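Residue numbers (our numbering), protein chains in the order written: chain U, 1 to 142; chain F, 1 to 142; chain E, 1 to 142; chain S, 1 to 142.
Hints listed in this document are in silico derivations from the structure and should not be mistaken for laboratory results.
Owing to the predicted nature of the structure, the values given are computational and were not obtained by experimental measurement.
Careful: at least some of the hints might be erroneous.
Once the Cα atoms are required to be at most 16 Å apart in a straight line, the calculated EDC-like pairs of lysine to aspartate or glutamate come out as [to be verified]:
#1 Lys109/U <-> Glu46/F
#2 Lys94/F <-> Glu46/F
#3 Lys94/E <-> Glu46/E
#4 Lys109/E <-> Asp27/S
#5 Lys94/S <-> Asp128/S
#6 Lys109/U <-> Asp34/U
#7 Lys109/F <-> Asp128/U
#8 Lys109/S <-> Asp128/E
#9 Lys109/E <-> Asp34/E
#10 Lys94/F <-> Asp128/F
#11 Lys5/S <-> Asp34/S
#12 Lys5/U <-> Asp27/U
Some chain E residues well away from chain F (every beta-carbon gap over 10 Å; in silico) [said to hold, decoys possible]:
#13 Asn7
#14 Glu18
#15 Gln21
#16 Asp27
#17 Arg47
#18 Leu49
#19 Arg50
#20 Gly52
#21 Ala62
#22 Asp65
#23 Leu81
#24 Leu87
#25 Asp100
#26 Arg106
#27 Lys112
#28 Ser125
Virtual Cβ for every residue (Gly too), placed ideally from N, Cα, C.
The lines below spell out each chain.
There are 4 protein chains.
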Amino acid sequence: MSTAKMNVAELEQFLRREFPQAFSGDDITIDSADGATCLLRQRYSERMLRPGGTISGPTLMALADFAMYVVLLSAIGPVGLAVTTNLNINFLRKGEPGRDVLAAARLLKLGKRLAVGEVSLLSGSAPDPIAHVTATYSIPNK
Amino acid sequence: MSTAKMNVAELEQFLRREFPQAFSGDDITIDSADGATCLLRQRYSERMLRPGGTISGPTLMALADFAMYVVLLSAIGPVGLAVTTNLNINFLRKGEPGRDVLAAARLLKLGKRLAVGEVSLLSGSAPDPIAHVTATYSIPNK
Amino acid sequence: MSTAKMNVAELEQFLRREFPQAFSGDDITIDSADGATCLLRQRYSERMLRPGGTISGPTLMALADFAMYVVLLSAIGPVGLAVTTNLNINFLRKGEPGRDVLAAARLLKLGKRLAVGEVSLLSGSAPDPIAHVTATYSIPNK
Amino acid sequence: MSTAKMNVAELEQFLRREFPQAFSGDDITIDSADGATCLLRQRYSERMLRPGGTISGPTLMALADFAMYVVLLSAIGPVGLAVTTNLNINFLRKGEPGRDVLAAARLLKLGKRLAVGEVSLLSGSAPDPIAHVTATYSIPNK
Numbered sequence: 001m002s003t004a005k006m007n008v009a010e011l012e013q014f015l016r017r018e019f020p021q022a023f024s025g026d027d028i029t030i031d032s033a034d035g036a037t038c039l040l041r042q043r044y045s046e047r048m049l050r051p052g053g054t055i056s057g058p059t060l061m062a063l064a065d066f067a068m069y070v071v072l073l074s075a076i077g078p079v080g081l082a083v084t085t086n087l088n089i090n091f092l093r094k095g096e097p098g099r100d101v102l103a104a105a106r107l108l109k110l111g112k113r114l115a116v117g118e119v120s121l122l123s124g125s126a127p128d129p130i131a132h133v134t135a136t137y138s139i140p141n142k
Numbered sequence: 001m002s003t004a005k006m007n008v009a010e011l012e013q014f015l016r017r018e019f020p021q022a023f024s025g026d027d028i029t030i031d032s033a034d035g036a037t038c039l040l041r042q043r044y045s046e047r048m049l050r051p052g053g054t055i056s057g058p059t060l061m062a063l064a065d066f067a068m069y070v071v072l073l074s075a076i077g078p079v080g081l082a083v084t085t086n087l088n089i090n091f092l093r094k095g096e097p098g099r100d101v102l103a104a105a106r107l108l109k110l111g112k113r114l115a116v117g118e119v120s121l122l123s124g125s126a127p128d129p130i131a132h133v134t135a136t137y138s139i140p141n142k
Numbered sequence: 001m002s003t004a005k006m007n008v009a010e011l012e013q014f015l016r017r018e019f020p021q022a023f024s025g026d027d028i029t030i031d032s033a034d035g036a037t038c039l040l041r042q043r044y045s046e047r048m049l050r051p052g053g054t055i056s057g058p059t060l061m062a063l064a065d066f067a068m069y070v071v072l073l074s075a076i077g078p079v080g081l082a083v084t085t086n087l088n089i090n091f092l093r094k095g096e097p098g099r100d101v102l103a104a105a106r107l108l109k110l111g112k113r114l115a116v117g118e119v120s121l122l123s124g125s126a127p128d129p130i131a132h133v134t135a136t137y138s139i140p141n142k
Numbered sequence: 001m002s003t004a005k006m007n008v009a010e011l012e013q014f015l016r017r018e019f020p021q022a023f024s025g026d027d028i029t030i031d032s033a034d035g036a037t038c039l040l041r042q043r044y045s046e047r048m049l050r051p052g053g054t055i056s057g058p059t060l061m062a063l064a065d066f067a068m069y070v071v072l073l074s075a076i077g078p079v080g081l082a083v084t085t086n087l088n089i090n091f092l093r094k095g096e097p098g099r100d101v102l103a104a105a106r107l108l109k110l111g112k113r114l115a116v117g118e119v120s121l122l123s124g125s126a127p128d129p130i131a132h133v134t135a136t137y138s139i140p141n142k
């Protein structure tokens with residue numbers, strides 16, 4: 001139904017150019033993006049951890065926010081100025097040290113001015129999400 | 001995987017007794033509930049509408065909150081004192097007058113003290129949700 | 001700093017005409033509205049209660065949503081089509097039966113397209129809020 | 001009314017020991033904490049910025065989450081295992097490059113199992129918040 005305006009290679013090229021600090025292409029990779037969903041993978045690093053050895057909240061919030069931006073870009077094409085207006089996160093379980101963190105994002109609504117989506121954050125291949133996010137992006141006028 | 005502690009008939013009986021004002025069994029019905037998900041249906045009524053002929057926000061919030069309670073009951077059995085601690089709703093599209101409103105709830109986490117779930121609110125058989133809710137319930141000590 | 005575009009009498013007249021089902025002027029009254037804040041009062045009624053004798057969640061959500069609309073109207077003047085896009089509520093304490101419920105709303109941001117505010121819900125004259133809401137309204141183009 | 005269980009010096013000592021990666025004491029300082037509110041300051045750094053020169057969302061989310069933890073510690077004393085269960089952020093305005101970011105946190109509820117608070121994020125001495133957060137922490141059994 002949905003058709004991606006940018007494929008994975010185009011997304012990575014755009015993000016490397018526009019968001020070099022968030023997306024060096026080394027620790028985060030885009031596994032898929034199709035205009036309605038996307039799947040991101042953040043390679044495990046000790047910097048992700050908080051005391052007690054669990055994945056830190058800011059790591060999960062940042063990855064979810066980024067996944068929402070990637071699925072939005074795949075839906076509407078290169079728009080540098082879309083900004084998050086609201087993000088709500090529920091922390092559900094501890095992520096396991098040593099495992100990559102995956103973010104599976106899905107658009108719930110793509111309007112002219114606002115896009116809303118949800119993101120499930122996963123610890124490696126474990127089925128139950130470690131956190132769940134809903135977020136809203138404001139889309140600038142053309 | 002999950003096993004319901006209460007089936008639909010038991011849920012309806014419990015809710016009619018404990019929540020007569022919210023659940024008279026007339027306008028809201030439980031289509032299914034299995035310990036991990038549930039589907040509720042609220043029969044269309046003009047009282048649902050706000051000006052402009054769209055389904056009102058409070059109608060959707062109340063139905064979503066109730067659906068979360070039903071799926072929780074189906075998972076843990078009759079617990080009258082579980083209370084909502086947080087509810088976040090994103091309004092996505094206008095619901096159409098004349099159509100029933102459906103609430104499809106799913107548990108994201110069932111802990112000892114907290115349960116978190118998400119609810120998609122649907123306008124009749126239209127596939128795109130008119131609103132999306134995440135909610136947290138606090139479960140009393142036994 | 002802020003100047004109200006509509007005073008309390010103008011707000012009540014507008015709301016009675018446009019939202020007769022939500023605002024008959026009987027159970028909800030506007031104590032004040034100044035373009036940046038407003039205070040609403042909902043007269044106690046048994047219909048507000050859920051089992052256990054506490055104020056129901058939907059009552060609080062509906063009043064908070066309405067308070068956000070009132071403070072927005074007081075800030076921008078009569079705009080029938082502003083709609084809630086997001087509402088997040090934290091339930092904090094039980095409201096006492098027999099007491100009016102008050103909603104103290106405050107705009108956090110008034111942009112061209114979006115307005116964001118917060119609402120404290122109070123049980124009579126008790127100082128600690130029974131619930132806290134943040135909400136976003138989308139403002140239509142003129 | 002409220003009495004702090006830990007003063008600023010005790011908080012800084014505890015945080016340096018338990019959360020060395022989040023709180024080296026260099027870029028974030030605790031200006032005040034009194035058991036009901038706290039004020040944190042994060043020194044401006046270019047690492048805070050996202051493209052376009054605004055303060056990044058993850059920077060604000062991380063600081064707000066940390067401020068909630070600090071005000072909670074000041075209220076209940078040293079509890080390493082309190083964890084965030086929900087965080088909701090509304091992004092309101094762009095923060096200005098070159099200015100410190102301040103986080104003013106306030107407890108809305110301190111229960112036995114859950115604490116709820118709100119955080120205003122400020123750009124230097126500008127009065128209007130650049131973001132607003134509500135967050136819930138789960139407090140472990142003693």
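Comparing the hints with the structure gives:
{"no.": "1", "hint": "Lys109/U <-> Glu46/F", "result": "violated, 26 Å"}
{"no.": "2", "hint": "Lys94/F <-> Glu46/F", "result": "holds, 15 Å"}
{"no.": "3", "hint": "Lys94/E <-> Glu46/E", "result": "holds, 15 Å"}
{"no.": "4", "hint": "Lys109/E <-> Asp27/S", "result": "violated, 28 Å"}
{"no.": "5", "hint": "Lys94/S <-> Asp128/S", "result": "holds, 10 Å"}
{"no.": "6", "hint": "Lys109/U <-> Asp34/U", "result": "holds, 15 Å"}
{"no.": "7", "hint": "Lys109/F <-> Asp128/U", "result": "holds, 8 Å"}
{"no.": "8", "hint": "Lys109/S <-> Asp128/E", "result": "holds, 8 Å"}
{"no.": "9", "hint": "Lys109/E <-> Asp34/E", "result": "holds, 15 Å"}
{"no.": "10", "hint": "Lys94/F <-> Asp128/F", "result": "holds, 10 Å"}
{"no.": "11", "hint": "Lys5/S <-> Asp34/S", "result": "holds, 8 Å"}
{"no.": "12", "hint": "Lys5/U <-> Asp27/U", "result": "violated, 24 Å"}
{"no.": "13", "hint": "Asn7", "result": "holds, 22 Å"}
{"no.": "14", "hint": "Glu18", "result": "violated, 6 Å"}
{"no.": "15", "hint": "Gln21", "result": "violated, 7 Å"}
{"no.": "16", "hint": "Asp27", "result": "holds, 14 Å"}
{"no.": "17", "hint": "Arg47", "result": "violated, 8 Å"}
{"no.": "18", "hint": "Leu49", "result": "violated, 8 Å"}
{"no.": "19", "hint": "Arg50", "result": "violated, 7 Å"}
{"no.": "20", "hint": "Gly52", "result": "violated, 7 Å"}
{"no.": "21", "hint": "Ala62", "result": "violated, 4 Å"}
{"no.": "22", "hint": "Asp65", "result": "violated, 5 Å"}
{"no.": "23", "hint": "Leu81", "result": "violated, 7 Å"}
{"no.": "24", "hint": "Leu87", "result": "violated, 5 Å"}
{"no.": "25", "hint": "Asp100", "result": "holds, 18 Å"}
{"no.": "26", "hint": "Arg106", "result": "holds, 19 Å"}
{"no.": "27", "hint": "Lys112", "result": "holds, 20 Å"}
{"no.": "28", "hint": "Ser125", "result": "holds, 24 Å"}
In terms of the numbered hints stated before, the structure departs from hints 1, 4, 12, 14, 15, 17, 18, 19, 20, 21, 22, 23, 24, listed from lowest to highest.
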